[in-house]
Amino acid sequence: MSKRKAAFYSMTIPALLLFFTFHTFPTLQGIFYSFTNWDGYSDGYDFVGFKNFKALFTDENVLNAYLFTFKYAIVVTVLINVISLLIALGLNSKIKFRNFFRGVYFLPNVLGVLIVGYIFNYIFANAIPTIGEALGSETLAINILGSEKWAWVGIVIVAVWQGIAFNTILYLAGLQTIPRDLYEASDIDGAGKWETFRSITFPMLASFFTINMVLAMKNSLMVFDQIVALTGGGPGRATQSIAMLIYQGGFQGGEFAYQSANAVIYFIVIVIISVVQLNFLQKREMDA
Amino acid sequence: MKKRSSTNWVVTILITLGSLLILFPLYMTVSIALKNPEEMAKSIFSLPTGLHFDNFARAIEATNFFGAFKNSALITFISVSFILLTNSLVSYAVARNIKQKFFKGLYLYFISAMFIPFQIIMLPVVKLTTDLHMNNIPGIIILYIVYGLAFNIFVYVGYIRSIPVELEEAATVDGATTYGTFWRIIFPLLAPINATVAILSCLSTWNDFMLPLIILSEPDSYTLPLVQYVFQGQFSTDYNLAFASYLLALAPMVIVYLVAQKWIINGITQGAVKS
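Taken in sequence, the protein lines are chains A and B. Heads up: the first sequence runs through residues 1 to 288, numbered per the UniProt record's numbering. Heads up: the second sequence runs through residues 1 to 275, numbered per the UniProt record's numbering.
If you are wondering where the hints come from, they were derived from the structure by calculation, not from laboratory data. All C-beta atoms, glycine included, are put in the ideal place defined by N, C-alpha and C. Hints should not be assumed to be uniformly reliable.
No farther apart than 30 angstroms at their CA atoms in a straight line, the calculated lysine-lysine pairs in the BS3-like style are these [unchecked claim]:
| no. | chain 1 | residue 1 | chain 2 | residue 2 |
| --- | --- | --- | --- | --- |
| 1 | A | Lys3 | B | Lys262 |
| 2 | A | Lys218 | B | Lys262 |
| 3 | B | Lys99 | A | Lys5 |
| 4 | A | Lys94 | B | Lys262 |
Pair by pair, the computed Cβ-Cβ distance ranges are [as the list claims (entries may be wrong)]:
| no. | chain 1 | residue 1 | chain 2 | residue 2 | range |
| --- | --- | --- | --- | --- | --- |
| 5 | A | Lys51 | B | Asp131 | 41 to 51 angstroms |
| 6 | B | Ile255 | A | Lys51 | 49 to 59 angstroms |
| 7 | A | Gln277 | B | Asp131 | 34 to 44 angstroms |
| 8 | B | Leu85 | A | Lys94 | 13 to 23 angstroms |
| 9 | A | Lys71 | B | Lys127 | 45 to 55 angstroms |
| 10 | A | Met204 | B | Ala260 | 26 to 36 angstroms |
| 11 | B | Gln270 | A | Pro179 | 15 to 25 angstroms |
| 12 | A | Leu86 | B | Thr7 | 11 to 21 angstroms |
| 13 | A | Glu133 | B | Asp131 | 18 to 28 angstroms |
| 14 | A | Gly236 | B | Ser6 | 50 to 60 angstroms |
| 15 | B | Ile98 | A | Asp181 | 29 to 39 angstroms |
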């Protein structure tokens, strides 16, 4: 082997070994345990085949966590993308203090999710009800995080508040790649604002739209920190996400093997969604 | 052609109103952290009348702020430094040999890990790190460096492939080793993408909650987010103390951001356009 080739192998092999040890091996272990009945701390366990997987499909808590997570992820992904695209368009137009506002809108992205969650927890529990009482509005006077029906909306608000920051920056980066002369041409053709957006801006942003949709969806399917800070999964199990269920059941509920099976299903679901999303959105990119 | 230089006031007003929604929770945080319970009882929205810095003193004591700050800073600094040094090196080897089966396979292997949700490895990795006595600060640093590979290789490889090979060939002819070529020629050229990777890894490591939650077992090694979580029960009746503590935990990154704002936004924008 040439010296140069040996050098290239020596650059990658340690990383490969470490990555296998701390990422792939635990993944395989997780899959392995999903076929057992191990609780996470006993000395022994038995193989139970697909029993865990079968049980998952009839477990109301699991079903509930998937429904909540999907509902949440779809709403958050759509809201984040619509709002951050609008903000990016705004920040890209002729406005006063453009750099200052760019700084403000990106600020939430540097804040820790958990602490932002605690701050909003206070706003929902104390600040908004105070305003509600002052206005005599009963709907505003309650703490939505304590309501089984509305707690999820609170989590959506926090996730969107923080999530738009990153997507706005990506859309803004995309907007700056669009050549000026395209706009000048459409101006000469007498195209209206909506027409220009539909036939120039949006198609030119196609690849950024794809990245943003996939990123926002993946992040929100894994929602965990916000829930810890806002509701702890409650009230009841109204806001228990899949990640939360795996964490609580796996570490505190003695369901190590069972939640490992849940994690395997979760993995398959995420891969399917990502692949479908990428295919669908990239096909749209080609058409555009 | 008409000139488009006049300010768009409608958009300016809308953007201003929107930014108030961003700033309001931060205003609440700062003002509550500086108030005392009597002022809170009067109005939770008003500005504090005096500055109650004793909230901060109490928060620093209650949460062992300086200890947690030191842990967070140490973990973030070492992780990010090693991420830059190692992940770029691995990416270089992969990018320059991408036509060979082994390296192509390696590339796909690393980036496919981006799709694996952390929850699937979460339970076994706790067992593994405990068995290896890695449920501590050095352990979590290794995990951050290794887990960074999945995304960073994706970013770096794309960038390195756009650097012409001719630059290195000249160095090789002059007798430089492959490592020498990388450190002296390629690594300096990676500056823009290193900035992107550094900013993103710094933010995600500093703010990470889940990995410290499951890995760090000794209270002495707790990070800032973890400390907020642990002390939440104690905070539940004393909002002024809680918000002083939140503000202390948020402040370091906000200060860094205020100082290096333009640089940070540009770094992320560049990474986005390149990849």
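Quiz item: How does the Cβ-Cβ distance of B:Leu85 and A:Lys94 compare with 13 to 23 angstroms: does it lie in that range?
Solution: violated (43 angstroms)
Quiz prompt | Beta-carbon spacing of A:Gln277 to B:Asp131 - inside the hinted bounds 34 to 44 angstroms or not | solution = Holds, at about 38 angstroms.
Exercise. Just tell me: holds or violated, for the beta carbon distance of A:Leu86 and B:Thr7 against 11 to 21 angstroms?
Key: holds (19 angstroms)
Practice problem: Given the hint of 45 to 55 angstroms, check if A:Lys71 and B:Lys127 actually sit that far apart at their C-beta atoms. | Solution: With a Cβ separation near 33 angstroms, A:Lys71 and B:Lys127 fall outside 45 to 55 angstroms, so the hint is violated.
Quiz prompt | Range hint 29 to 39 angstroms (beta carbons of B:Ile98 and A:Asp181) holds or violated | solution = Because 35 angstroms falls inside the window, the suggested range holds.
Quiz item: Do the alpha carbons of A:Lys218 and B:Lys262 lie within 30 angstroms of each other, as the hint requires?
Solution: holds (28 angstroms)
Quiz prompt | Range hint compliance [Cβ, A:Glu133 to B:Asp131, 18 to 28 angstroms] | solution = violated (55 angstroms)
Quiz item: A:Lys3 and B:Lys262: Cα distance at most 30 angstroms?
Solution: This hinted pair is violated, its Cα atoms lying about 43 angstroms apart.
Quiz item: Under the criterion that the straight-line Cα-Cα distance not exceed 30 angstroms, is the pair B:Lys99, A:Lys5 satisfied?
Solution: Given pair B:Lys99, A:Lys5 holds - Cα atoms ~13 angstroms apart, limit 30 angstroms.
Quiz item: Is it true that the CA of A:Lys94 sits at most 30 angstroms from the CA of B:Lys262?
Solution: Distance ~19 angstroms between A:Lys94 and B:Lys262 Cα, so the pair holds.
Quiz item: If you check the beta carbons of B:Gln270 and A:Pro179, does the distance land in 15 to 25 angstroms?
Solution: holds (18 angstroms)
Quiz item: Falls inside 41 to 51 angstroms, the C-beta gap from A:Lys51 to B:Asp131?
Solution: Given about 27 angstroms between the Cβ atoms, the range is violated.
In terms of the numbered hints stated before, the structure departs from hints 1, 5, 8, 9 and 13, listed from lowest to highest.
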